[in-house]
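First to last, the sequence lines map onto chains R and H. Using the numbering used here, you'd call the opening residue of the first sequence number 1 and step up by one each time. Using the numbering used here, you'd call the opening residue of the second sequence number 1 and step up by one each time.
None of the hints are false.
Since the list can't tell identical chains apart, any single copy or any two copies may satisfy a pair.
Once the Cα atoms are required to be at most 27 Å apart in a straight line, the calculated BS3-like pairs of lysine-lysine come out as: (1) Lys385 to Lys197; (2) Lys58 to Lys403; (3) Lys293 to Lys139; (4) Lys403 to Lys68; (5) Lys208 to Lys36; (6) Lys203 to Lys493; (7) Lys58 to Lys291; (8) Lys197 to Lys493; (9) Lys385 to Lys532; (10) Lys600 to Lys672; (11) Lys491 to Lys203; (12) Lys68 to Lys208; (13) Lys68 to Lys197; (14) Lys197 to Lys491; (15) Lys403 to Lys203; (16) Lys753 to Lys769; (17) Lys58 to Lys139.
Hints are computed from structural coordinates only; laboratory data are not their basis.
2 protein chains.
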Amino acid sequence: MAMNTFTNTIKNDLARTELFSPLTMSSATTFLWNSKMVAQINCRGYMTSQFMQPEPSKYSYAPNLEAKTFIQPEQPYYADHPGRFFYIKNEETGEMFSAPYEPMRVELDSFCFSAGTSDVKWIINKWGIEFTITLSLTKDLVVELWSVEVVNGNSKALSVSIYPCFSIGYMSWMSQSADFNAELSGIVATSVTPYQKVEDYFKNQELKDLTYMVADQVPDSWCCNLLTFRGEGGMHNPSMLQETRLENKPACYETPVGVQQFKQHLLPNEKQNLNIIFGPAKNVEEIKTLKAKLLAKPEQFKDVRQDYSDYINKGKGTLSITSPDADFDHYVNHWLPRQVFYHGDVNRLSTDPQTRNFLQDAMGMIYIAPAVTRERLLLALSQQKRSGAMPDGILLTDEAELKYINQVPHTDHCVWLSICLQAYLDETGDSSILSEQVAFEATPDAEPETASVKVHLDRAMQWLLSATDARGLSYIEQGDWCDPMNMVGYKGKGVSAWLSLASSYAISCWNQVCETYYLSSELTNAELSESKKTIAEFASAADTLNLQVNKHCWNGDWFARGITDDGNVFGTKTDVEGRIFLNPQSWAMLSNAASDSQYKLMNNQIFSQLATPYGVTMLAPSFTQMREDIGRVTQKSAGVSENGSVYNHAAMFYGFALYTKGQNDLAFDVLKRMLPSQQNADAQGQLPVFVPNYYRGAYYQHPHHAGRSSHLFNTGTVAWYFRSVVEGLCGLKGCGNDLLIQPQLPSHWPTLKVQREFRGASIELNVIKSDKIKDTVVTINGEVSAQHKICDVQAGQTYKVEVLLPLEK
Amino acid sequence: MAMNTFTNTIKNDLARTELFSPLTMSSATTFLWNSKMVAQINCRGYMTSQFMQPEPSKYSYAPNLEAKTFIQPEQPYYADHPGRFFYIKNEETGEMFSAPYEPMRVELDSFCFSAGTSDVKWIINKWGIEFTITLSLTKDLVVELWSVEVVNGNSKALSVSIYPCFSIGYMSWMSQSADFNAELSGIVATSVTPYQKVEDYFKNQELKDLTYMVADQVPDSWCCNLLTFRGEGGMHNPSMLQETRLENKPACYETPVGVQQFKQHLLPNEKQNLNIIFGPAKNVEEIKTLKAKLLAKPEQFKDVRQDYSDYINKGKGTLSITSPDADFDHYVNHWLPRQVFYHGDVNRLSTDPQTRNFLQDAMGMIYIAPAVTRERLLLALSQQKRSGAMPDGILLTDEAELKYINQVPHTDHCVWLSICLQAYLDETGDSSILSEQVAFEATPDAEPETASVKVHLDRAMQWLLSATDARGLSYIEQGDWCDPMNMVGYKGKGVSAWLSLASSYAISCWNQVCETYYLSSELTNAELSESKKTIAEFASAADTLNLQVNKHCWNGDWFARGITDDGNVFGTKTDVEGRIFLNPQSWAMLSNAASDSQYKLMNNQIFSQLATPYGVTMLAPSFTQMREDIGRVTQKSAGVSENGSVYNHAAMFYGFALYTKGQNDLAFDVLKRMLPSQQNADAQGQLPVFVPNYYRGAYYQHPHHAGRSSHLFNTGTVAWYFRSVVEGLCGLKGCGNDLLIQPQLPSHWPTLKVQREFRGASIELNVIKSDKIKDTVVTINGEVSAQHKICDVQAGQTYKVEVLLPLEK
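In isolation and in its complexed conformation, chain R is listed as follows:
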């Protein structure tokens, strides 16, 4: 693997990550989204796109009737995988290739897959011509905007035919056809979403069952019929391209495709451009409107692209760092806030996000748009049950219903409330949220009940304490944070050591919130005394949780993962598989269940059993056979997903906990390893434009596969990543009215510069290591701060903060 497989750059003030060969990382992708759609774009031209109506739907389908399911990890590409391809024919020589690379796979003179924050470009050279293909979206429509710019770099004129070939695929067994619509001057495929029950006819009324592909130029010829287009030649050498013109062939209950021919005669140095829109529609009128809006004049495309870029840039975040590690900075300053924004702004394009995801994704938004965090917290609480329990998913629309995994009872959702709320309050200081009145979930047999956020949270914590067994350990039912750990407690007895620790931590967070943001408000004496009593009771309960986990789940070197329905402690030394789990260790650090000596013992075991070059795995050894007292996680492929991958969400908990323990080097190592890197490019196969939900683990069981990315960009990791950078690495954490200044640089970093917005103030932090001092010196606007904090931060102010760290630290 050459070290310049990919490059991080800044162009026009925007981040780009560029890959220079279609061969080295053939599965590399990036993604684009808006509130209505998401598209994952592979460097070679394959694409997976879906849009919300309001449930996820397709407009570019597989060649067969696919199951409706979530996006699969390590999605396998195959010859007929949906994609957007551009066959290019040299009209003088008859030579052909396809851009970006599929399906012809002809060698190019140069190749660049350039992932931008709001577009994707390919810059390809062949025959002395430069082809620049650009994909972007709009900020609120379901349409792909494609441009092909062609520049003839030869000293003589050249004629080429460009054949954009966009997969439409198998739309429906009920009805599917496609034809060229002369009025639109574009291809329109029509279908009827398959159904059998009459009630579904009415439900389906509003579905966008058409797929259109319209250019800003009249094509020289076209074909909508996949089988005929492909012919005996196949997609890698379509028969119809052997002829001068396409056959203008419709599809009539046949698999549609969108292919159009555009002949371009290029003088020396001449530049020509072709714009295309592609997407779903309800009817032809809608397409006409879109065409008028997008393709009538060249500047329209430019304008909507700018609008889209402006939308994406709303997610830029409030942090910028300059460290000795430019790749790390690139991710933290650009791709990280973008990924956090994606999660927080559109809720992973689900109508029933899992409660824990919804809350953690909202947590990430404190650094981007904290008003969104507030709104999401209140929405979640409005679906809380009076018992304090949280539902498995948060319904975002009136029609939404709990689907798939949200129909399986999990017991951890309350935990994330106080954690998310604490982060929100530390960032914003907005203590008014605690007195905000929110209704509990309506039930048919009871009067509506409304209470303050404070009361909601108290009940949530009480629910966590009530959902425990005689030992005081938390029931796991059919899963906690780990969805497929579904048979530890399905008989009603099994408990989760992790959840017990997480409950302890969540309660501590809630106590800190109350102490910092509630007690200080204007309470009556009676309220104050009542609140302090509650805090003391909660503190005692959290201690008890820690004690009980220690009593029942500490195996001498680490914490077990839980106790099954039948009373078997698992995740311990006696287990051949699933011997050690990461989460209980990380959260014992967070909850203070682990003493310093326990921490050292645990960490030794994490190093020896869980650490891999690609990060820390979630458990080891990976299960290779079903354990009926643990569940579905043990049936997953070894090293994949929850069964012992480097599951970044879990690894990130560990990294966050390490910062709380002052383990700066170890913590930074977690952050750093999470990013796809040049040296791991072969193994990971991913560009550092997002953190994937996992890298393959099972390092000792399947060494050749370890490190491989899932290529899934939905992950609870990123909110915690951002938080760890801000609060841990940069050490700029809010607390009450103040901003603490406690940077935690890895030992190999001599300096760090940070620009951060905080409650309307501008913080300019400059950290320098010095061998001239023994203790940290913090200077704020030129004055030494003994407390290492900016007290009573004022909006509108700029605070220049200088931190001198002793070299040893």
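On the provided structure of chain R, position chain H as indicated by the hints.
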């Protein structure tokens, strides 16, 4: 299209149909089945296979996660479609091709796709070598038996490598892997059927989640990893085949494939053979057992193949004809009974066959195994409701449930009871069935009720009469025979003209049954008088149905299809689309609702509006837009399936009705056009090894697509086809204790010879047209029969029947 595109032959007493090019009919398929599996095999090597556990499952999957659905019509093949391929490398020249044809598509010296009744063969010549590839099944296991026989026809020795490459595909997102199992000396892919709910874990316990591919020889090398095997070359030129050996590469949470290399050094004229088994298993032990049973000695393969052939030959039927039309004879004598047997023996491999299919498929079995018909009738009646209504599907196992279309209420199911019972009684004379006691469907809130079949049928007919509106026309609810005609009556008011006529016909059939097989039994006078009264009442009710349809649905030239919820008569002259439907005309002929003059008017319209070169369409013009008062049928692609295709089931009703009207030429034309023919090969794309459920219609709307076969071999057509041949064309219909002799030859046939088993007797019919007579002369064993029937047929006897028909007839 050359006239020798395909050939019907007999080899070793068994029928074969052979295709001599992979290019002329690239979608041509045949199918094999047993009680546990079914496989549709495309001439170029693609394959769609499923097995029952007990619901349909896969062991050779698509490259992505497919929806679980019925087999789609006109199934589109794509590059990565599941198949069984054999790459062949000439070890001397390095040249390669793939057999049968996909995925390399290299020109062959000769090609033969030979569909047999119990096997499929390809005979391919290349480089002077003959490759014979054979696929068969076993009679009761889920395993494909593959053989590759190689004969070196060269005068010098030659070395080849044979690489069988069997698709395994995307098995599961939970877990999928594959490896070579040294003990088995074969490839085993393992997976876990995806699920999320703990109850499904227990349901899935018995699933066969492994796929195996084991040969009777140790391979020289192997690969189970699709992506690595394919490499940058693609399936049409796999990278791994460029090397001398395969990489022995497993799949580890990667898409599996089964590829093995077998090097063969062939002396001049030497023959070598390779046997492979491929299928699903629950565990490795099961595969070991299979290997021991099938691959331990060469004769085992031969024996199980013979057993399978014996099983298929149980469906040979009891009829053999020799007519002037050899192709017609070939289908009728071989492929027709086979297709009827498939339907009747394994119920289309469904656990909840639609009631109407279940009964009509059972009807076909009267000519093959009438005991099965009897058993199926009784099973169906055991699920009848006390009201007389029949459920939408018949549950065949305890776990089965009504799925898909069976959750939509249809009103025609009772109709098929008396029709099927009449056919059964006419064929067997088994009047004992009428007094068989059968329980009605159990309901939680009532005592069990048992009654005779006679009573069950009475109630069914009464239910049909009760499910009518004030006009006396039959409610359609959400469909009758036409499943997707689901919005004519979904509001509770719409009626079906077809169902009214079908009810009339069904009641007449029932009356005939009672008169012929019930009144003659030993009844008391009271019973006799009661029965006669019922018969008279039913006869009157049937007349009334006919009258009411005439009154409300005759438009002057044909019968309308029904009246919608809102009172609109549809399928009439004023309709621009769906102007005329075939079924009401055919069944008006059967029910005698149509007078002779009406029949002539109707038939003129059928000729001018519905007839096409590929048969009679079900309606015309096909709908091109939704009619909300008709329903889903109008949303299907024009000319496809129920929306105006040559839907053979409906066409067959028409053919059957034509025989009852003595329209011998028209009736035969229906039978004949239903068979894929040489001259229609381009349009139909199908071999005459089965009658498909439809050929595309919309002849005037989409002339280029008309005639295209659905390639679906599940169709209610074939039972009626058999019945039309026996009762109509051959005119050998049972009635009471007698066999009627009334052959109905098309005018261009001078002769017909028939060999038929009937109630244990052997009938040898010889029909000759003669210009020497004016009226038909029937001779039975040398004696003239004025009644044109064999009276009181005796089992064990042989009846030589000669029929002289006047030439004009």
